[in-house]
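There are 2 protein chains.
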Amino acid sequence: MDRKFLFFIGLLFIADGVIAREAVGQRQPGSQESPWAWACRTGRGCVKVAKDSPVEQGDDMSNPTLSGCKLTCNTESVLWPKPRDAISLSKTLVAFHPTDIRISRISAPNSEVKSLTNEAFLIFRNVIRKGIPEAFRGRKQTARDQQRPQIEVQVSIVSGETRLEMTTEESYNLHVKTIFATAATPAAPRSTTSVSITAMSFFGARHAIETLSQIMAWDDTLGSMLMLTDANISDSPAFVHRGLLIDTSRNYVSVPVIKKIIDAMSYDKLNVFHWHLTDTHSFPFVSTREPRLALYGAYSPAKVYRPEDIKELVHYATVRGVKIVPEFDAPAHVGSGWEWGERAGMGQLALCVNKEPWPTYCVEPPCGILNPVNDNIYSVLSNIYQDMNDLFKSDIFHMGGDEVNFSCWNETTEITNWLKARGRKDNSKEDFLYLWTHFQNRSLEEVDKAYGNKQPIVLWTSGLTEEGHADKYLDKERYIIQIWTTGTDQSIAQLYRQGFKLIMSNYDAWYVGKYFDCGYGQWVGEGPNNWCSPYIGWQKVYENSPRKLIVNFNETFNQKQILGGEAAIWSEQVDGTTIEGKLWPRSSALAERLWTDPDTNWRVAEHRMNHHRERLVQRGIQADALQPEWCHHNDGYCFL
Amino acid sequence: MDRKFLFFIGLLFIADGVIAREAVGQRQPGSQESPWAWACRTGRGCVKVAKDSPVEQGDDMSNPTLSGCKLTCNTESVLWPKPRDAISLSKTLVAFHPTDIRISRISAPNSEVKSLTNEAFLIFRNVIRKGIPEAFRGRKQTARDQQRPQIEVQVSIVSGETRLEMTTEESYNLHVKTIFATAATPAAPRSTTSVSITAMSFFGARHAIETLSQIMAWDDTLGSMLMLTDANISDSPAFVHRGLLIDTSRNYVSVPVIKKIIDAMSYDKLNVFHWHLTDTHSFPFVSTREPRLALYGAYSPAKVYRPEDIKELVHYATVRGVKIVPEFDAPAHVGSGWEWGERAGMGQLALCVNKEPWPTYCVEPPCGILNPVNDNIYSVLSNIYQDMNDLFKSDIFHMGGDEVNFSCWNETTEITNWLKARGRKDNSKEDFLYLWTHFQNRSLEEVDKAYGNKQPIVLWTSGLTEEGHADKYLDKERYIIQIWTTGTDQSIAQLYRQGFKLIMSNYDAWYVGKYFDCGYGQWVGEGPNNWCSPYIGWQKVYENSPRKLIVNFNETFNQKQILGGEAAIWSEQVDGTTIEGKLWPRSSALAERLWTDPDTNWRVAEHRMNHHRERLVQRGIQADALQPEWCHHNDGYCFL
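Chains as they are written, first to last, in the UniProt record's numbering: chain A, 1 to 640; chain B, 1 to 640.
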């Protein structure tokens with residue numbers, strides 16, 4: 001039997017609804033039928049084969065279109081990230097029209113959760129539509145409607161939570177079952193697919209809806225949507241904190257681009273948008289209580305985030321299963337926006353702003369550091385914190401604490417006098433750590449007042465977290481430490497042993513566009529390699545398991561202490577124009593690592609990764625290409 | 001005198017037209033006046049300064065807005081590439097409304113050239129509009145029209161050429177003169193700016209129009225367009241061949257994205273779009289005479305270039321000063337699209353297609369090579385060449401000749417028998433070079449028949465161009481060699497001494513996204529560094545002077561022999577979604593090197609480069625960010 005015959009058998013089987021057959025007739029006029037089909041080949045995956053060639057042993061031609069094969073060939077279909085707990089999927093498909101998916105029942109403890117679920121379902125339908133070529137979208141419904149396959153979705157949610165917190169349960173169950181009508185009941189619909197989603201929280205249910213969107217796909221050959229007829233998935237994440245850091249100070253990123261980043265995060269089940277809102281370079285955050293910060297600090301009146309922008313983004317993220325964690329980095333990494341202190345009679349709020357030679361005072365131009373002995377800064381900080389709490393309402397807050405250089409403080413008489421008055425006359429490292437701790441404690445007080453509780457605080461690894469400092473200066477019950485050293489740095493083991501909770505962003509794997517930026521040229525000077533070169537491929541991102549990092553220190557892995565991880569994209573050499581391609585699909589590799597944390601390596605994931613990248617592009621994300629499309633058409637043939 | 005006072009003086013001076021003052025009132029409602037202005041600072045450039053601070057020595061506040069300062073602070077304004085011959089620019093500005101630029105006279109020898117010029121002028125007006133924020137575009141003309149500054153453009157072209165060829169003269173002269181109306185003539189327009197463009201060819205005139213577009217800019221603060229009042233520029237390119245190679249086989253690049261690439265090339269005065277149309281991976285070129293090639297070889301029926309697409313692109317490129325040079329790479333780098341030979345009773349057209357293990361037969365998966373002893377291939381090639389000539393009508397043709405691996409030929413009995421029949425029984429390197437030369441000569445015959453003349457042929461450096469081979473197998477009067485080895489490779493010196501014309505694409509500087517792609521991870525395997533790592537920053541692209549490469553071989557530089565250069569972006573790891581950010585602004589660095597070939601280094605160009613990148617983004621090109629925007633606001637402060 002040659003492949004051509006099987007191909008038609010396959011088409012008829014798939015095209016159980018009338019839509020598919022209709023659609024086949026709608027291919028581009030004049031285009032000849034393709035000579036190619038796809039075989040699910042043992043040991044490889046979906047492979048392009050000529051329809052007129054004999055079927056090879058090990059080739060399954062049941063679903064001979066590209067989409068049909070991809071959906072059914074592998075155990076995990078084309079799901080990304082791969083479900084962690086249990087997965088059982090059919091090898092059979094049903095064709096359907098996207099307007100025939102309906103949510104038939106939501107069971108939830110309150111109307112807010114119902115409303116979020118309805119919104120998530122609308123988003124899902126729009127996402128599905130994005131995968132359909134323009135020419136096929138929005139076709140009119142016809143009289144045949146009742147004969148088309150129906151997909152009915154039921155959602156059942158236990159908890160009334162409407163904000164994603166570290167304690168939120170994100171697990172879900174997804175059951176899909178299709179009943180085909182028999183010839184004996186011709187008046188009934190051709191088939192009915194029941195989808196049942198159960199989850200503890202809205203956030204789990206939303207993940208289930210995302211998973212559902214990935215067991216369906218547009219089929220170019222058939223001109224129809226396809227979906228697995230049956231599926232049973234139980235799923236939950238390995239880590240609670242699965243994030244991306246976006247820096248909007250070095251370069252501004254517009255609100256629409258931030259929305260696209262959140263869209264893509266939701267496709268990957270990433271759940272934390274860590275917003276490095278401000279830095280020395282610019283201050284785009286419009287503080288209602290301190291409007292002079294953005295007036296002086298924004299790159300332009302248009303390059304700001306107004307309170308209404310942020311409120312909108314927080315809701316936008318929530319319905320997509322993402323929480324926004326703001327960072328206000330201090331006492332270093334400030335400058336632009338703080339210039340008005342003396343004009344307002346408040347003294348110098350920031351010191352050494354734009355001071356040269358910059359390498360003496362900071363790690364990159366321009367320099368700047370807060371003046372911790374000027375008490376006026378604490379009232380300004382209090383205002384910032386209150387505004388941030390009002391807008392973000394996140395359950396953790398990031399206080400930065402990155403890269404404090406003591407040279408500027410050392411040269412400032414106001415500072416050295418303050419230290420002298422406290423019996424510290426040496427201007428030693430210990431003296432400045434004392435000053436820094438004074439700043440950290442004073443500003444923490446303001447955070448606590450602003451938030452009205454003692455919520456967890458994140459700090460970067462820094463001088464304060466070094467050996468002998470962390471346990472002396474920082475309370476492990478208050479502080480979570482975000483690691484940005486290499487994954488083998490001993491300070492990780494130390495902090496872990498001391499009982500600090502950790503978020504991993506070790507730069508050797510998860511700084512996907514770091515300053516002097518990984519794998520790009522330098523931006524000050526002309527050197528070809530920056531400090532965190534080379535470019536980090538998705539494979540390396542994928543292999544970076546926080547669990548394995550801990551085990552490699554000969555420590556027992558304690559899930560409660562390792563909250564998860566974040567990929568960081570600092571924006572010295574990126575802005576909204578190209579950020580998507582630098583984030584994706586590498587952030588997807590991070591996502592599967594943090595959601596599934598599989599024991600298998602990137603090779604096993606490569607087919608799905610390639611396919612997921614194509615799906616991201618279909619959904620409008622400017623994800624970078626990893627391989628020639630030929631590799632996507634010939635699974636398992638692009639290996640060394 | 002403080003800066004604030006100067007700022008208002010400056011505004012009034014600039015805002016000679018009524019538009020500017022109107023527009024100032026139209027800034028976003030509620031936004032407070034910015035506390036910042038810009039000083040043109042000696043030894044630095046445009047630097048952000050507080051309006052209420054005293055003027056520092058060396059600071060010129062004549063044009064205190066960001067755009068005004070940038071346009072006037074440097075000798076070359078913000079022109080990119082920098083004019084090569086003579087440049088004299090005013091430090092004064094006139095505000096105008098884009099609808100008030102008119103072309104008043106075109107003097108040209110034929111109507112085709114006039115029509116091209118009119119089209120180029122319309123493109124120019126659209127480009128200008130792209131730089132204007134949405135809210136300010138398309139404002140209604142008011143009764144005050146006659147009072148607004150008028151800009152009248154006259155164009156004078158000598159030659160009737162309508163196709164860009166290697167012999168086309170691209171030089172131009174641009175004169176801009178503004179006459180301000182005096183108080184004594186209140187009824188007259190406030191000012192009139194006369195623009196006079198003279199050029200040998202349309203292509204020179206188009207470059208002049210591009211230059212004109214770069215001495216004007218939108219001013220955010222004033223809410224108006226600004227332009228230098230006076231300018232005298234004589235300009236001509238250092239090299240005739242200034243190109244980009246785009247590969248549309250490994251991954252498809254859509255026609256709209258190709259148009260955007262051509263747009264950006266036109267902003268940079270790059271003039272050759274080298275189209276690597278086909279390769280082993282896919283065959284997207286729809287050959288009218290051989291439609292089976294794309295039927296079998298395209299990734300999908302939508303991922304093709306139809307004759308009408310190509311015709312449209314060729315015209316699109318021509319009016320933008322760009323010629324499209326097609327490459328049909330052979331005998332290697334073929335595969336997809338050639339599978340139908342045996343089905344059609346024509347024997348095997350391509351050998352070892354998709355054969356494994358691929359490292360034995362080719363440099364990357366999938367493998368494939370033409371069967372040069374099957375005479376049927378020459379009729380197919382003839383058809384391809386005829387189609388290409390019909391569509392592209394370029395004055396040079398690229399026959400590829402890259403990376404021929406002899407293993408496949410060596411294992412093919414049909415080939416070894418053919419060699420035996422010609423007394424070559426050793427299957428030695430020389431035997432296969434003989435076969436390759438047979439192929440090259442036979443296919444060249446078909447090219448010559450198709451084109452009806454003996455036009456220059458480009459070949460890549462390869463086994464055929466190695467020491468002792470080039471002069472033996474290739475005619476230096478017919479072949480131009482495109483160099484892709486490193487810039488210090490001795491074969492460059494050799495070919496140069498032998499008298500071959502050269503196009504430089506040495507991969508150590510101008511392979512901006514090469515396969516196993518420079519500075520990215522590997523796509524087969526997981527290694528962090530590929531063969532042409534690291535990522536090549538714009539500085540290195542900028543410093544790669546073909547002239548200096550030749551001089552470094554202790555050779556006298558002969559302008560006629562070095563046609564120019566190309567940056568190559570192979571598409572194993574890129575497609576239309578991210579190609580713009582990988583091409584730009586690095587291709588702009590290439591452009592200034594090839595247009596101006598300055599003796600100065602990248603440091604001198606950095607301010608203009610930063611500004612040009614912003615301009616590319618304003619014009620809709622997704623150019624990558626090079627630095628924090630802070631550096632663009634503070635020229636000369638982001639150096640090590």
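In case anyone wonders, no lab produced these hints; they're calculated from the structure. Mixed in with the good hints, there may be bad ones.
Because identical chains share one entry, a pair is satisfied inside a single copy or across any pair of copies.
[What the hints assert, rightly or not] DSSO-like, lysine-lysine: derived pairs with alpha carbons at most 27 Å apart:
id, residue 1, residue 2
1, 303, 260
2, 260, 51
3, 130, 177
4, 130, 303
5, 303, 51
6, 355, 51
7, 259, 130
8, 425, 449
9, 476, 114
10, 260, 130
11, 454, 472
The structure presented is a predicted model; accordingly, all values stated were derived computationally and were not measured.
Structure-based check of all given hints:
1. 303 x 260: both (17 Å within a copy, 26 Å between copies)
2. 260 x 51: neither (40 Å within a copy, 37 Å between copies)
3. 130 x 177: within (25 Å within a copy, 52 Å between copies)
4. 130 x 303: Result: close only across copies, 18 Å inter versus 29 Å intra.
5. 303 x 51: Cα proximity of residue 303 and residue 51: across copies only (20 Å, versus 55 Å in one copy).
6. 355 x 51: between (70 Å within a copy, 19 Å between copies)
7. 259 x 130: Close inside one copy (16 Å) and across copies (24 Å); limit 27 Å.
8. 425 x 449: neither (33 Å within a copy, 90 Å between copies)
9. 476 x 114: The answer is neither: 38 Å in one copy and 76 Å across copies each exceed 27 Å.
10. 260 x 130: both (13 Å within a copy, 23 Å between copies)
11. 454 x 472: within (20 Å within a copy, 82 Å between copies)
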